[in-house]
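Make a model of the complete structure from these sequences and hints.
This is what each chain is made of:
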Amino acid sequence: MTIFHFFNCAILTFGPHAVYYSATPLSEYDTIGTSIKAAVVYLVTSLVKLVCLATFLKVSESESFDPYQELLKALIGFIDVAGLYFALTQLTHRNISQNHKFQAVGLGKCWAFADAVLHRLAPLWVGARGLEFTWEYVLQGLEANANLVLSISLAALGSLMWLRKNKPQTLIPIIYLFAGFVATMPSITSYLRLSLGWHFPEIVAFKLFASLGTAFISWQLFSACQRPSN
Amino acid sequence: MEKSRTSSSVLVEPVYSSVVALLIIVMACVELCDAVTVVDVYRLVQYDIGGVPFGSRLAALNHHAGSSFLSSSPAADLSRTVLILPVRELNLTFITEYIGQKKPLGGLLLLLPPIFSPQNIETEDGAAEYSAKDLLKEVLNELERLLVHANIPYPVYFGFEDEHVSTVLADIKKNDATGQPATATTGGYKLVVAAPEPRKIASPTIINIQGWLPGLRADGDSSQLPTIAVVASYDTFGAAPALSVGSDSNGSGVVALLEIARLFSMLYSNPKTRGRYNLLFALTSGGPYNYNGTHKWLRSLDQRVRETIDYAICLNTVASSGDDLWIHVSKPPENAYIKQIFEGFSTVSEELGIKVGLKHKKINISNSRVAWEHEQFSRLRVTAATLSKLSVAPDLLESTGGLSDNRHFTDEASISRSVKLVSESLARHIYGQEGKNIDIFADGSSLSVNPSYIRTWLRFLSTTPRVAPFLSKNDPLIMALKKELADHTVEVNVQQEVLDGMFTFYDSTSGKLHIYQVASVTFDLLLLLVLGSYLITLFSFLVITTRGLDDLISIFRRPTSRKAKTA
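Chains as they are written, first to last, in the numbering used here: chain W, 1 to 230; chain L, 1 to 567.
Everything labelled a hint here was simulated from the structure, so no lab data went into it. Predicted, not measured: the structure shown is a model, and the values here were computed from it. Where a beta carbon is used, it is the ideal one built from N, C-alpha and C, also for glycine. It is possible that some hints are incorrect.
Quick partial rundown of chain L residues pointing at chain W, CB under 10 Å, derived from the structure [said to hold, decoys possible]:
id, residue
1, 441
2, 514
3, 527
4, 535
5, 538
6, 543
So this is what it looks like as C-alpha cells:
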C-alpha cells in the first residue's frame, strides 16, 4: 500500500539486523569479509536444499500433513545445519578473540540477513507498493524478526557444540536438544499450519514466542558454559 | 593493504552500478495488482453534435468511493468521491438536480441489475416480476435520456451488480452511516479505472449491405422489371455504447428482414415460382443519426434501379407484444399507391388477427431531422412506408436501442407475426393474388416462418453491441450479415461511407475497474512511530546486555566530552 507502507515494512524486516550489527561489539572486528562469506555459504546451502527438495519430494495435491514428506523435508533441513557448521568451523578466525559468542552472533545475523533479503525483499517490493492494504507484509516483517533471533540462537548453540572443547557434561544433551528443536523449526511450523489449521498471524505469534524462549535458554547455556573458563 | 583495497573497490563499482541498473529495470516493470475486485465497466457515451459536447468527458478514474448523495452534510465536497448507485434504488430527482445544476463530483458508477448482463441472456425472470421490470424500464429510459443529453465533466461508468461489488457497496454504506466520508486520511475503498484520454474517432464509417434477388424476366422482354425494396437499419445508439445491443430497436427489424429474405429466396430459387418483381434487401447503418446511411445508399444506387422501385417497406421495431402495428407514410393516405399498400396489409392482418393502423406525417424539407427511414425514400420521390410498433415518431437519439432495450423485453413471437404479415402482403402483391383466399406462407408448410431461425438471430444480435462508429469494415457482425444475405440473395454489395460531420464520437467505451481497500495515512504514521520505538528499545537492550549500561550513556555523552577535551 504505497511507498510509505513499503518503507515501514522494510524497516520492520531489515531494521533489527542493522540494530544488532551496531549495538553489539561486532563492528569492532573486521567482519565484513566474514559476513559476505556467510551469505555465500547460505546461498550455496539454499541451492543444495532446493535441488534435493526438487529431486526427492513429490508435489502433494492435498493440504494434509504427510509424515513421510515432512520427515524428508526435516532431513533436508539438516543440510542447513551442516552449512552452518561449515561456516562456523571454516570461516571464523580462531585467533581473534575468546569471545566466540560474538562470532556466532555475527554469523547468525548474516545468515538471517541473507535469508531475509532472498526470501522477503522481492515479495515486499512487488506487493507492499500496491494500493491494496493487507496485514501480510507487517506479519512477514515480524516473522523475519523471529527468524533472526532463531538463527542467532542456532549459531550460538552451534558454536557451543563444535567450537568449545570444555563443556560441562550435564549440559551437553540439553544443548543438542535445543539445537535440534531450532533446526526442525520449519517442520514444526508446517505441521501447525497444515494439520492444525493455524493461520498466518497465529504462526507468527508462535514463532516469536519460541524465538524469545530459545534465545533466553541459549543465553543461559552460554553463560553456564562460560563460568568454568572464567 | 591499500592496493588490495583499491583493487577490491574497482571491482565493486561496476558490479554495484549494474545491480542498481537491474533494480531500476525491475522497478519499472512491476505493475499494480492485488485489488479486492476487478470488474468490467462500460463508459457513458461521449460525443459532439456540431461541436457541442455531450456525455461524459473523462475516462480515467482514481478516487475514493461513496454510496449516496446524502452521505454527509448536504454541503459536503463530493468532488473527490465516486458515487456507487444501484439503478434499482435510484432516486431520479436527486440525480437530475445534481447533473442539472452541474455540481462537482469525482465520478459516478451506476450498477445495473445482473439480468442486463450479456452473460445472463439465457436466464429467465419470474413472471411475478413483470411490474418491477416495467418500472425499471421506465427508470432506465429516464436516466438514459438525462445522461445522453447532458454535458458531464466527470467519468460515468455502468457496471453490473455481482457479489463482489455488492459486498463492497454494503461495506461502504456501513462506513457512510457512521458519518465519515472516505478520504485519504480515514481509509476506505478506492476505485481506479486506468484509461487513456479519450480520442476522437477520426472518420467514423457507416457500412450498408444490400442483397439483390432478381425476378423472372420473360424471354424477349427487354423492359426492366419493377422492384420492391425491404430495408432495415441495423445499428444502435445508447448511453453505454458497449452495452447497446438494441434487441427491439432495431434487432427485430434485422431479424425480420433476414427471415423474409430467406422465405423469398426459397420461392425464387425455382424459376416456376419466381415472381416478376426484383427484390432488394438492404441493411443500412447510421439509423440513429437521421438515417444517414439510407440517404447515402440511395444516392449511390444506380438511378435506373431507383426508378424501378415500386415501393419500399422499412422495418423498425417490429416486436410488438401488444398486437398493434402502425404503417407510417409521408405521402397522404389518399394517394393511390399508399391505399393499395395499406389495403394489402390490412387484409392479411385481419386474417392474422393483428391490428394495423395508418399514420401520416408530412416531411418538412427544411428540417434536417429524419424521424423515419421511409422519409429518406420520399425525399427522392420513391414510395415508401415504415412498419413499426411505435405510434409516434421518436426524437433524435430516442428509441435507438439503449440500456433498457434488452432480449428480456423483446417478444420473439411477435417478430414471427410481423414477418408473416410483411411476406404474405408482399407475396400476394408480387403474384397478383390480392383479395384471394390463399395462404402462401402457411404454418406447417415448407414455406412457414421458422421460429428457431428468428430466435437464433435475435440471440446473436442481442449479444452484439452495434454502435456504427465503433464497427469497422471487417467486424464479425458485418461479415456475418453479409454472409447471411449472400446465402439468400444472388448479389451482395457492401458499401462503406463516412458518417456526416455533424456527429463526432470519442473512443474508450469500456474498461476494468479495480477496487482497492486502502488504509489511511495516519495508520502508517502510527506504524512508523511504533517501529521507531521498537528499534530504539532493541538497540538499548542489546547495548545494555552486551556492553553494559555505561556504554549506552557514553554514546549520548560523547559529543559533550569531546567538547570538554577541545576546550
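(request) Find the hints from earlier in the document that the structure breaks and name them by number, from lowest to highest. (result) 1
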